[in-house]
Every structure is written in C-alpha cells, then in structure tokens.
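A.B. asks: In order, the protein sequence lines correspond to chains A and B.
Going by numbering that gives the first Met the number 0, the letters in the first sequence line up with residues 0 to 680, in that order.
Going by numbering that gives the first Met the number 0, the letters in the second sequence line up with residues 0 to 166, in that order.
None of these hints come from the bench; they were simulated from the model.
Mixed in with the good hints, there may be bad ones.
Claimed, not checked - DSS-like mimics (lysine-lysine), calculated; alpha carbons at most 30 angstroms apart, straight line:
hint : chain 1 : residue 1 : chain 2 : residue 2
1    : A       : Lys303    : A       : Lys315
2    : B       : Lys99     : B       : Lys109
3    : B       : Lys49     : A       : Lys652
4    : B       : Lys26     : A       : Lys652
5    : A       : Lys652    : B       : Lys87
6    : B       : Lys94     : B       : Lys60
7    : B       : Lys140    : A       : Lys432
8    : A       : Lys665    : B       : Lys140
9    : B       : Lys140    : A       : Lys557
Unchecked claim - A few chain B residues that face chain A, going by a derived Cβ cut-off under 7 angstroms, partial list only:
hint : residue
10   : Met0
11   : Glu3
12   : Ile12
13   : Asn38
14   : Met41
15   : Asn75
16   : Arg76
17   : Tyr80
18   : Val88
19   : Arg119
20   : Val133
21   : Lys134
22   : Ala135
What the hints assert, rightly or not - Only some residues are given here: those of chain B computed to face chain A with a beta carbon under 10 angstroms:
hint : residue
23   : Thr11
24   : Gln64
25   : Ser66
26   : Leu89
27   : Gln90
28   : Thr101
29   : Lys109
30   : Leu139
Given the structure is predicted, the values throughout are model-derived calculations rather than measurements.
The beta-carbon is built from N, C-alpha and C at its ideal position, and this holds for glycine as well.
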Amino acid sequence: MVKYNFKEIKVVPSGKELVDIILSRTQRQTPTVVHKGSRTKIIREFYMHKVKFTGENFKKKLSDIIDEFPRLEAINPFYSDLLHVLYNKDHFKLALAQVNKARNRISNIATDYIRLLKYGDSLYRCKCLKIAALGRMCTVIKGIGPSLAYLEHVRQHMARLPSIDPNMRTILICGCPNVGKSSFMNKITRADVEEQPYAFTTKSLFVGHTDYNCLRYQVIDTPGILDRPFEDRNIIEMCSITALAHLRSAVLFFLDVSGSCGYSIAQQAALFHSIKSLFLNKPLMIVCNKIDLQPMHALSEEDKRLVDEMKAEAQKTLSIGGDQNGEQQVLFTMSTLTNEGVSTAKNTACERILGHRVELKMKSKKINDCLNRFHVAMPKTRDAKERPVCIPPQVLEQRAKAQEGEQEKEKRKLEKDLENENGGAGVYSASLKKHYILASDEWKDDIIPEIIDGHNVADFMDHDILERVMELEREEGMRLAGVAGDESEINGDDMMPEEREALNAIRKRKKALIQEHRIKKSTAESRPVVPRKFDKDRQFTTQRMGRQLSGLGLDPSKAIERARSRSVSRIGRKRERSVAVDGFGDDSMEIDNEGKGSYKKLRLRSVSRSRSRSRASIEEVVPGKGFKDKKQKVKAIKLGKKSVKKRNKDARKGEADRVILNMMPKHLFSGKRGIGKTSRR
Amino acid sequence: MRLEKCWFCSSTIYPGHGIQFVRNDAKIFRFCRSKCHKNFKMKRNPRKVKWTKAYRRLHGKDMTQDSTFEFERKRNRPQRYDRINTEKVLQAIPKISKVKATREKDHITKRLSAGRVNRRAEDRRELEQSISLVKAPSVLKEDATLTLPKQKVTVSYAQTENTPMEE
Numbered sequence: 000m001v002k003y004n005f006k007e008i009k010v011v012p013s014g015k016e017l018v019d020i021i022l023s024r025t026q027r028q029t030p031t032v033v034h035k036g037s038r039t040k041i042i043r044e045f046y047m048h049k050v051k052f053t054g055e056n057f058k059k060k061l062s063d064i065i066d067e068f069p070r071l072e073a074i075n076p077f078y079s080d081l082l083h084v085l086y087n088k089d090h091f092k093l094a095l096a097q098v099n100k101a102r103n104r105i106s107n108i109a110t111d112y113i114r115l116l117k118y119g120d121s122l123y124r125c126k127c128l129k130i131a132a133l134g135r136m137c138t139v140i141k142g143i144g145p146s147l148a149y150l151e152h153v154r155q156h157m158a159r160l161p162s163i164d165p166n167m168r169t170i171l172i173c174g175c176p177n178v179g180k181s182s183f184m185n186k187i188t189r190a191d192v193e194e195q196p197y198a199f200t201t202k203s204l205f206v207g208h209t210d211y212n213c214l215r216y217q218v219i220d221t222p223g224i225l226d227r228p229f230e231d232r233n234i235i236e237m238c239s240i241t242a243l244a245h246l247r248s249a250v251l252f253f254l255d256v257s258g259s260c261g262y263s264i265a266q267q268a269a270l271f272h273s274i275k276s277l278f279l280n281k282p283l284m285i286v287c288n289k290i291d292l293q294p295m296h297a298l299s300e301e302d303k304r305l306v307d308e309m310k311a312e313a314q315k316t317l318s319i320g321g322d323q324n325g326e327q328q329v330l331f332t333m334s335t336l337t338n339e340g341v342s343t344a345k346n347t348a349c350e351r352i353l354g355h356r357v358e359l360k361m362k363s364k365k366i367n368d369c370l371n372r373f374h375v376a377m378p379k380t381r382d383a384k385e386r387p388v389c390i391p392p393q394v395l396e397q398r399a400k401a402q403e404g405e406q407e408k409e410k411r412k413l414e415k416d417l418e419n420e421n422g423g424a425g426v427y428s429a430s431l432k433k434h435y436i437l438a439s440d441e442w443k444d445d446i447i448p449e450i451i452d453g454h455n456v457a458d459f460m461d462h463d464i465l466e467r468v469m470e471l472e473r474e475e476g477m478r479l480a481g482v483a484g485d486e487s488e489i490n491g492d493d494m495m496p497e498e499r500e501a502l503n504a505i506r507k508r509k510k511a512l513i514q515e516h517r518i519k520k521s522t523a524e525s526r527p528v529v530p531r532k533f534d535k536d537r538q539f540t541t542q543r544m545g546r547q548l549s550g551l552g553l554d555p556s557k558a559i560e561r562a563r564s565r566s567v568s569r570i571g572r573k574r575e576r577s578v579a580v581d582g583f584g585d586d587s588m589e590i591d592n593e594g595k596g597s598y599k600k601l602r603l604r605s606v607s608r609s610r611s612r613s614r615a616s617i618e619e620v621v622p623g624k625g626f627k628d629k630k631q632k633v634k635a636i637k638l639g640k641k642s643v644k645k646r647n648k649d650a651r652k653g654e655a656d657r658v659i660l661n662m663m664p665k666h667l668f669s670g671k672r673g674i675g676k677t678s679r680r
Numbered sequence: 000m001r002l003e004k005c006w007f008c009s010s011t012i013y014p015g016h017g018i019q020f021v022r023n024d025a026k027i028f029r030f031c032r033s034k035c036h037k038n039f040k041m042k043r044n045p046r047k048v049k050w051t052k053a054y055r056r057l058h059g060k061d062m063t064q065d066s067t068f069e070f071e072r073k074r075n076r077p078q079r080y081d082r083i084n085t086e087k088v089l090q091a092i093p094k095i096s097k098v099k100a101t102r103e104k105d106h107i108t109k110r111l112s113a114g115r116v117n118r119r120a121e122d123r124r125e126l127e128q129s130i131s132l133v134k135a136p137s138v139l140k141e142d143a144t145l146t147l148p149k150q151k152v153t154v155s156y157a158q159t160e161n162t163p164m165e166e
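Construct the complete structure from the given sequences, taking the supplied hints into account.
C.D. replies: What follows is the structure, given as structure tokens:
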C-alpha cells in the first residue's frame with residue numbers, strides 16, 4: 000500500500016468536485032425515468048436505489064481517501080517523523096478523522112432515508128425524500144471541504160518527497176549552511192542539486208545514488224543546520240535532524256576550513272558538539288572542505304585543536320578492527336572545486352558503512368541461520384598426482400612478451416580492413432566460408448545440395464550408403480523374380496476374347512431387359528391391355544420374332560410358318576404358298592403398311608446381334624397413340640428410355656462430371672444478382 | 000531449408016507453402032494447405048479421414064514397414080560437409096526412390112489381386128449361367144464355341160417419310 004514513494008496516492012477531489020462527480024454518476028448509472036402511474040413498490044424502489052447508490056459511492060470515495068494516506072504508526076519511523084516535521088502529525092490525523100466522520104454520517108443519512116422511503120406513498124413524497132437525502136449528504140461533504148483541500152495539498156507535497164530507502168546503504172552529508180555539501184553531492188552522484196553562494200540553497204532532503212565496488216549507495220544531501228536550541232529549529236533544519244536521527248548511515252560532517260561560509264571553525268565545532276549525540280552508532284567522518292582557499296597546514300593553533308577534538312570524537316565511532324589507518328579513515332581534506340580528495344572521501348565512506356553493516360549483521364541472531372550456508376568446498380586430494388593450473392601455451396607466450404615489455408602489438412588484419420581494401424561496404428562481400436574446417440580446402444566453395452526430388456539430402460547422409468543401396472538392389476532383384484512368378488499364375492486364368500465378347504453381350508442384354516422392365520413398371524398403371532388388333536406399335540410381328548430367334552442362333556423359319564398358319568386372319572383361308580424366311584414378310588399381315596405396297600429390292604446385310612435387337616429401327620416405329628409423326632414418336636421413345644435411368648440421389652460423380660466443358664459459364668458469372676452478393680453469386 | 004511433412008495428410012510442404020501452428024506446449028503443427036489446416040481446426044483425426052496417408056497406412060492400404068524407410072531418417076546431429084559422401088548420397092537417392100516406388104506399387108497390386116481373382120471367378124460364373132440369353136441352349140449343345148451367330152438384317156433403300164397421321 001504505502002511504499003517509500005508516495006507518488007501513487009490517488010488525487011483527493013475538492014468538496015465541490017466530489018459532490019459533482021457522485022451526483023452525475025448517480026444520474027447516469029441509475030434508471031432515470033419513473034411514472035406516476037406505476038405501482039408504489041416500483042416508485043419506492045426507484046428512489047431507494049438512487050439514495051443507496053449515492054450513499055455507497057460517497058462512502059467508497061471517502062474510504063479510498065482514508066485508505067490511501069499512510070498511517071503514521073504503520074510506516075517507517077523516519078518517514079513518520081519526516082511527515083510530522085513537514086505537515087504536523089496532529090493536523091494530518093485530524094483531517095483524516097474528519098473525513099472518516101463524514102463517511103459515517105453519510106451512511107447514516109442513507110440508511111435513515113431509505114427507511115423513510117419504504118413508507119412513501121406517492122411519487123411526490125418519495126421524490127422529496129430523495130432530494131432531502133442527497134442534499135444532506137452534499138452538505139456534509141461541503142463541511143469537510145477544507146480538510147479535503149488540506150489533504151490534497153499534503154498529497155501533492157508528499158508525492159514530491161525524495162524516495163529514500165531507509166534500509167539501503169546510506170551516506171548522509173551534514174554540516175553548516177554553505178560549506179559545500181551540495182557540490183560534493185553533485186560530484187559523486189548524478190543528482191543535480193542547486194549550488195549557490197548564498198546560504199540555505201538546499202531547503203529539503205535530496206537523494207542521489209553512487210556506486211562503489213559493484214554496490215549501490217544512497218547519498219542524502221541535507222539542508223544546513225544552525226547552532227540553535229532544539230526547540231527553535233525551523234522546518235528545514237528539522238528535516239535534516241530527522242534524517243540524522245533515524246537513518247542508519249555513515250555521516251560525513253562537513254567543515255569549511257576557510258570560513259567563507261560565514262561561520263568560523265569555532266562556530267562549526269560548536270555545532271558539531273551540540274549534535275554529536277545524533278552520531279551515536281554511526282560511522283562518522285570529518286571532511287574539511289575548501290582547502291584550495293585555506294590549506295590545512297596554514298590553520299591556526301586554535302583551529303587545529305578544535306579539528307583534533309572533532310577527530311577524536313569521530314575516532315570513537317571507528318570499528319575495533321580498523322585502527323591501523325585511524326587517521327586516514329576519519330579525517331579528510333578535500334576541495335570540491337579542484338576535485339582533490341573527493342574520491343578518497345567517497346570510497347572510505349562507502350567502505351566504512353559497508354563494514355559497519357556487515358558487523359551488525361554478524362552480531363545479530365539472524366546470521367547463525369546464514370552462516371551454515373557460507374562454505375567454500377575444497378576438494379580432498381585423492382592421490383598423489385599433482386594437478387597444477389592449466390594455462391594454454393599461447394597465453395604464456397603473451398605474458399612473457401608483456402613482461403619483456405614489447406610495446407608493439409601485432410595488429411591483426413581485421414575483416415573490416417579487408418573489406419575496405421576491396422572496395423568498401425557495398426562492393427565487397429565477405430566470404431563467410433573462409434574459415435570452414437573441412438577435410439579438403441577445395442570443398443569450401445561447394446554449393447551444398449539440400450533438396451533433391453522432394454527429399455531432404457541431409458536425411459540420407461550415411462558413410463556406407465552405397466553398400467546398403469547395392470544390397471537393397473540385390474534384394475529387390477530377388478523379390479521381383481518371385482513376384483514375376485506369381486503374376487504369371489494369376490494372369491493365366493484370364494478369359495479368351497470370345498468369352499469376353501460373349502460376356503459383354505450378356506451384360507448388355509441384361510441391361511436392356513432391366514430397362515424394358517423399368518419402362519413397363521413405370522407405366523404399368525396407365526398402360527391398358529389392348530387386344531392385338533388394336534396394337535398400333537406392331538410389337539408382335541413375325542419379323543420381329545424371326546429376328547430375335549435368329550439372334551439366338553436358331554432357325555426361325557419353322558416358327559414363323561407355324562405362327563402364320565395359326566394366325567386369326569388365316570382362319571378360313573386356303574393354303575397358300577409359304578413365304579420366304581428372310582425378312583420378306585407377307586404384306587397381308589401388315590395391313591396399314593405405309594406406302595410400301597410393292598416388293599422392293601432388298602439388300603441383305605449381316606449385322607451383329609447387338610444392333611439388330613436393341614434398337615427398333617426407325618422404319619418400325621409406327622406413329623400412333625397420339626403422335627403426329629414418326630419423328631415425334633421416336634423422340635418420345637428416347638425420352639421414355641432416359642427417364643427410367645436411376646437418379647443419382649447420392650450426389651456421386653456421374654458421367655456428366657467427368658468432363659466439364661465450360662468451367663466458367665457466362666450466365667453464372669455475369670449479370671446482376673437476383674439475390675445475394677457478387678462474391679457469392 | 001528443409002522439406003517438411005504436413006501433419007494432417009503427410010504430403011511434403013515446399014518452402015513458401017502452407018501454415019505452421021505452434022501450440023502453447025511448443026508442439027509445432029505444419030500444414031500443406033488450408034484444407035488440412037481447416038480439418039485440423041475441426042479437430043478431425045487424420046487416422047479417420049480417408050484421403051490421408053495416416054489412414055492409408057493404418058488400414059493397410061499403403062506399405063508400412065520396409066527397409067527403404069530406414070534410408071530416410073531425420074538425424075539431429077549436424078555433420079561436417081564431405082564432398083565424397085555427398086556425391087555418393089546424391090547417386091543413391093534416385094535408386095532408393097525407385098525401389099521404394101516399385102515396392103509400394105507391388106504392395107497395392109498384391110492387395111488388389113485378391114479382388115481380381117474374385118472378379119474373374121464371378122465373370123466366369125456369369126458367363127456360364129447367363130449364356131442362354133445370347134445363344135440358345137440347343138445351339139450351344141451342337142456348337143460348343145461361344146461364337147455368336149451373325150444375324151442378317153434387311154436394310155431397304157430410300158425411305159420416304161410422308162406418313163399421314165394415323166387414325
């Protein structure tokens with residue numbers, strides 16, 4: 000919730016703004032219309048919803064405000080003290096308490112008015128109640144207006160506080176005003192603190208960060224402190240006092256040995272002694288600044304004595320282990336103008352704070368948990384063999400050369416130089432294959448095939464592939480020989496061509512039978528059974544019979560004779576001459592022969608059976624049964640035969656789908672659409 | 000550059016074709032065309048979709064186990080370029096593909112040969128049974144050959160079509 004920067008606290012709206020926000024939200028997000036004529040329950044619910052909604056929103060907003068601000072007891076004492084110094088803890092708490100009170104009052108108002116609304120009898124009365132409720136809530140908010148304004152002011156200031164991490168390694172810079180603290184700060188960190196010749200340029204704490212030995216250190220610049228009794232200090236000084244008091248850090252006390260800050264060394268020493276209680280348990284360093292104006296050896300006796308006193312104080316804070324360099328670790332001389340001694344001061348400060356922190360950690364109880372994790376494993380020697388450090392010979396040579404002090408470094412020819420020689424970046428393209436390690440150098444420029452015939456060459460790579468292929472081919476040869484034997488067996492059973500022909504004829508005959516049957520079936524109900532004399536189609540002629548019988552291989556002559564001799568028309572007639580067999584039928588059978596009265600010269604032609612039977616030749620079709628002429632009847636017969644074909648209800652590919660002659664018929668792809676879009680005609 | 004196999008239909012995917020889908024568990028699915036991709040999105044199992052290689056192999060329609068498959072195997076180790084070896088491999092690949100193709104063809108032929116035998120038996124049976132439709136049994140008895148008798152058909156000369164309406 001509250002981190003060490005207060006930038007994430009939400010904006011606190013002023014009283015008026017808050018009222019506006021909530022009321023407009025209520026207006027937008029609750030139903031707006033209710034009718035006089037609706038049921039009382041509906042009217043009551045409508046207004047209750049509005050009051051409840053407003054109340055809850057106010058409550059939520061105010062709760063947010065209260066929650067967002069930090070509770071001074073719950074945060075780090077440094078921050079709570081800092082906030083107290085800046086904003087006065089009591090005032091802060093009071094403001095938040097007022098907001099809390101307002102919140103409670105508003106929820107009470109809401110509950111009260113909702114209870115009243117339950118008994119509202121008319122729309123007008125409910126409406127008045129709602130207006131009263133909302134009005135009272137808004138008045139409450141108006142009342143806490145000043146508190147909200149104060150909280151907003153505080154929030155804005157808090158957001159701009161520097162983000163100081165109280166638990167990080169810190170270096171604190173303190174001293175009298177104008178001694179050079181900010182300039183030192185600017186030298187060692189990237190913080191751009193204002194440095195001016197007048198006192199109290201720095202009015203608040205500033206944070207910077209510096210690195211030493213791969214670790215990050217916080218550096219805090221404070222405003223100058225004056226030598227005054229504690230109660231008389233102003234807010235700015237209190238900031239630095241707070242920092243000194245709470246942050247566990249290394250303290251650099253700055254001394255201006257030249258006196259150009261306006262305070263003599265005596266005054267500065269007095270200040271030092273007055274605040275030295277704050278330096279307890281902190282690594283302390285005295286830094287004498289501005290030695291370019293006043294070198295150290297030219298100090299007066301009095302001043303030297305004072306400085307020594309301070310140094311003695313500082314040495315007390317030294318850790319036990321480090322008193323060899325006692326002198327160097329406590330007192331520094333530097334000049335931020337000429338950069339003399341700046342880095343030594345910083346380095347020593349960093350080391351001392353680090354040492355201090357490590358010491359504390361070692362003394363604490365927690366370290367025992369960690370100690371068992373610190374263990375450097377040394378392998379036990381298992382045999383007498385010596386295993387010295389392995390250094391490649393090239394490195395040894397280089398080291399020897401460096402020792403001998405050979406200045407010239409052999410400059411290797413870089414690829415870039417090669418490029419520049421051969422025409423520059425766009426002209427020369429480096430040969431990437433130059434350093435390939437191959438069995439033979441000629442192969443470096445080879446184009447390696449990756450794909451052949453739909454296979455990846457890399458998948459076949461094998462050093463003994465040719466032998467395996469030969470074996471494979473041998474196997475294949477043997478297998479093929481075996482297969483050939485099987486084949487001849489199977490193929491031997493095939494049919495003779497005559498048998499094939501006969502089979503085809505059989506199948507054709509069967510198909511014709513089926514077709515005939517289908518035609519008969521489809522017209523079965525509408526086909527009358529007509530006596531022979533009214534049979535216009537001439538289905539039952541001896542010619543036909545003769546043809547069919549001869550197609551089967553039998554001799555029809557006897558059958559025809561018999562048929563004729565038994566025909567009705569012959570009854571009562573005398574014996575007549577027998578008629579010739581081949582197709583030259585007696586004209587007396589066909590009474591209504593069209594126009595062929597006389598004998599005609601007939602050409603005898605032998606035709607294969609299939610032609611003779613399947614199709615009734617156009618001469619045989621007799622127009623009748625409503626057809627105008629032979630052509631029409633032939634067409635009708637054709638259509639009739641087509642119609643008995645089985646429909647392709649499975650939607651499988653049929654004969655017509657084998658070849659699509661026109662892939663884009665014009666009528667499907669052009670013109671206006673009756674329905675739909677052009678992309679989906 | 001590698002030729003990949005389509006996950007659905009097992010056809011080769013040439014560079015510049017198809018779509019690759021990487022699932023959250025980092026498994027890569029490659030498809031040769033949108034037909035396969037859409038089938039995959041419909042969660043169809045390629046082993047049940049008739050036209051895929053997976054189905055055909057599973058149902059024994061295509062050859063599954065053969066020594067020619069051992070030659071083509073994806074090796075994950077990089078190998079140093081060796082001209083001699085590469086030449087050998089390039090010579091070997093067409094031979095291997097030829098053998099593989101003949102074997103696959105033979106596999107299918109063998110599979111279909113049973114059908115052929117059945118069909119032949121059927122034809123013979125049909126011929127024996129229904130020969131009476133085209134040749135009278137008495138004629139067959141005399142003349143055992145299956146040569147069908149030639150039939151003489153009368154074809155008259157010029158036909159005039161002036162037929163008055165009947166009735």
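A.B. asks: Take the hints in turn and mark each one as holding or not.
C.D. replies: A quick look at each hint next to the structure:
1. Distance restraint check for Lys303 (chain A) and Lys315 (chain A): the Cα-Cα separation of roughly 19 angstroms lies within the 30 angstroms cut-off, and the hinted pair is therefore satisfied.
2. At most 30 angstroms may separate the alpha-carbon atoms for a hinted pair to count; Lys99 (chain B) and Lys109 (chain B) meet this at roughly 15 angstroms.
3. Distance hint between Lys49 (chain B) and Lys652 (chain A) is fulfilled; the C-alpha atoms sit about 17 angstroms from each other, no more than 30 angstroms.
4. Between Lys26 (chain B) and Lys652 (chain A), the direct Cα distance comes to roughly 39 angstroms. Violation of the 30 angstroms bound is thereby established for this hinted pair.
5. Among the hinted pairs, Lys652 (chain A) with Lys87 (chain B) is inconsistent with the structure: their alpha-carbon atoms are about 48 angstroms apart, more than 30 angstroms.
6. In summary, the hint linking Lys94 (chain B) to Lys60 (chain B) is supported, as the alpha carbons are separated by about 24 angstroms, within the 30 angstroms threshold.
7. For a cut-off of 30 angstroms, the pair hint linking Lys140 (chain B) to Lys432 (chain A) is broken: about 88 angstroms separates their Cα positions.
8. This hinted pair does not check out: Lys665 (chain A) and Lys140 (chain B) have alpha carbons roughly 62 angstroms apart, beyond 30 angstroms.
9. A distance of roughly 20 angstroms separates the Cα atoms of Lys140 (chain B) and Lys557 (chain A); the hinted pair therefore holds under the 30 angstroms criterion.
10. For Met0 (chain B), the shortest C-beta to C-beta distance to chain A is roughly 5 angstroms, which falls under 7 angstroms, so the interface hint holds.
11. For Glu3 (chain B), the shortest C-beta to C-beta distance to chain A is roughly 9 angstroms, which exceeds 7 angstroms, and the interface hint is violated.
12. Interface hint at Ile12 (chain B): violated, since its Cβ lies 11 angstroms from the closest Cβ of chain A, which is beyond the 7 angstroms cut-off.
13. With 7 angstroms as the threshold, the beta carbon of Asn38 (chain B) stays out of range of chain A, its nearest partner Cβ sitting at about 21 angstroms, so the hint is violated.
14. Contact between Met41 (chain B) and chain A, as hinted, is not supported at the beta carbon level, the nearest pair being about 21 angstroms apart and thus beyond 7 angstroms.
15. The closest approach between the C-beta of Asn75 (chain B) and any C-beta of chain A is roughly 10 angstroms, which is over the 7 angstroms cut-off, so the hint fails.
16. Checking Arg76 (chain B) against chain A by beta carbon gives a least distance of about 10 angstroms; that is not within 7 angstroms, so the hint is violated.
17. This hint holds: Tyr80 (chain B) has a C-beta 6 angstroms from the nearest C-beta of chain A, less than the 7 angstroms allowed.
18. Given hint, Val88 (chain B) at the interface with chain A, holds; its Cβ is 5 angstroms from that chain's nearest Cβ, closer than 7 angstroms.
19. Because the beta carbon of Arg119 (chain B) sits about 6 angstroms from the nearest beta carbon in chain A, less than 7 angstroms, this interface hint is met.
20. A distance limit of 7 angstroms between C-beta atoms decides the matter here; for Val133 (chain B) the minimum to chain A is near 5 angstroms, and the interface restraint holds.
21. Interface restraint check for Lys134 (chain B): the shortest CB-CB distance to chain A comes to about 5 angstroms, inside 7 angstroms, so the restraint holds.
22. About 4 angstroms separates the beta-carbon of Ala135 (chain B) from the nearest beta-carbon of chain A, less than 7 angstroms, and the hint is met.
23. A hinted interface residue such as Thr11 (chain B) counts as satisfied when its beta carbon comes closer than 10 angstroms to some beta carbon of chain A; here the least separation is about 5 angstroms, so the hint holds.
24. The restraint placing Gln64 (chain B) at the interface with chain A is violated, with a minimum CB-CB distance near 14 angstroms, outside the 10 angstroms limit.
25. Given the 10 angstroms rule on beta carbons, the hint for Ser66 (chain B) holds: about 7 angstroms separates it from the nearest Cβ of chain A.
26. For the restraint placing Leu89 (chain B) at the interface with chain A, the shortest Cβ-Cβ distance is roughly 7 angstroms, inside the 10 angstroms limit, so the hint holds.
27. Because the beta carbon of Gln90 (chain B) sits about 7 angstroms from the nearest beta carbon in chain A, less than 10 angstroms, this interface hint is met.
28. Because the beta carbon of Thr101 (chain B) sits about 7 angstroms from the nearest beta carbon in chain A, less than 10 angstroms, this interface hint is met.
29. Given the 10 angstroms rule on beta carbons, the hint for Lys109 (chain B) holds: about 8 angstroms separates it from the nearest Cβ of chain A.
30. Taken as an interface hint, Leu139 (chain B) checks out: its beta carbon lies about 8 angstroms from the nearest beta carbon of chain A, inside 10 angstroms.
Checked against the numbered hints listed earlier, the structure breaks hints 4, 5, 7, 8, 11, 12, 13, 14, 15, 16, 24; every other hint is satisfied.
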